[in-house]
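Colleague: Sequence:
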Amino acid sequence: MKAMYIAYWIRKRVRALKKIIVYLLIPLLVLSLAIITYIKAQPLTGISKIKNGTVKAVILGESIAVSQGASDPLTTGWNSNLEKSLLNKYSNKIEWDNKASAGELVDYCLKRATEIESTTDAVFICSGRIDRNFETPEQFSNKYTQLIYDIKSKAPGADIFCIVEPPMVSTDESLFLGIRAVIINVSAATESNVLDVWSAFPEDQVGLNQLLMDGLHPNDDGYKLMSDYIYNRLVLIIDTFKWKFPLNISKARDMNHS
69 MKAMYIAYWI
79 RKRVRALKKI
89 IVYLLIPLLV
99 LSLAIITYIK
109 AQPLTGISKI
119 KNGTVKAVIL
129 GESIAVSQGA
139 SDPLTTGWNS
149 NLEKSLLNKY
159 SNKIEWDNKA
169 SAGELVDYCL
179 KRATEIESTT
189 DAVFICSGRI
199 DRNFETPEQF
209 SNKYTQLIYD
219 IKSKAPGADI
229 FCIVEPPMVS
239 TDESLFLGIR
249 AVIINVSAAT
259 ESNVLDVWSA
269 FPEDQVGLNQ
279 LLMDGLHPND
289 DGYKLMSDYI
299 YNRLVLIIDT
309 FKWKFPLNIS
319 KARDMNHS
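Under our numbering, the residues of the sequence shown are numbered 69 to 326, in order.
No false leads were mixed into what you were given.
Pairs of lysine-lysine residues, derived as PhoX-like cross-links and limited to a Cα-Cα distance of at most 20 Å, are as follows:
id, residue 1, residue 2
1, Lys211, Lys179
2, Lys124, Lys152
3, Lys119, Lys157
4, Lys119, Lys161
5, Lys179, Lys222
6, Lys161, Lys292
7, Lys117, Lys222
8, Lys117, Lys157
9, Lys167, Lys222
10, Lys292, Lys157
11, Lys220, Lys179
12, Lys167, Lys220
13, Lys124, Lys157
14, Lys161, Lys124
15, Lys152, Lys119
16, Lys292, Lys152
Don't read these hints as lab results, they were simulated from the structure.
As the structure is a computational prediction, the values presented were derived from the model and not from experiment.
All chains, please: the whole structure from these sequences, using the hints.
Modeller: Have a look at this one:
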């Protein structure tokens, strides 16, 4: 009887131990799936090259894409500020090919996207502000989605960044909210990367006006805020995953202790 009781007690403890192991493994499994899902949705093989060398980047868009409103777009524009910040951190440059033009709609982006070279590492789309007056959100969504797939076709290895432009001092700013929602949703649906610059600017009209040159285009301070926002998100993306997958566990352990 005593032997049977001991055997029963052991089996009970083994079952309890198995449950504990399962409970401990579930969070690890969820975390692993989350990491894999994130990497699948955000491969980021292009912009990360800046850690080791030059990145080739294309800009598509309209007036804000070319930093209209800056005192000198070549030195105080958003992309020039971004280039300097990334150079200071990684000691490597971004070579810009700015295909944007002031006063253009997303249709112009579709046209210029056909010129993108296959070796392009990153594409920044900065469009939608003007389209609010000419397109419904649904019409804009169709064109914006097509634009992203055209870019993927021309440069399969490029990371695509969808910029939501800053707010403006205007009574019709509500028209842009539908465009903003489209950019965010299409970015997620196409596994692109949204840069919601709009959210970085103040909501009150007085504070906002201090960052705008003419109520619409940012001034030097506004473009610096825009570039800082983009820089912080790019650095987070570039530096978040430093290990290659599948992960070498022993190597990861060594790195943690170093």
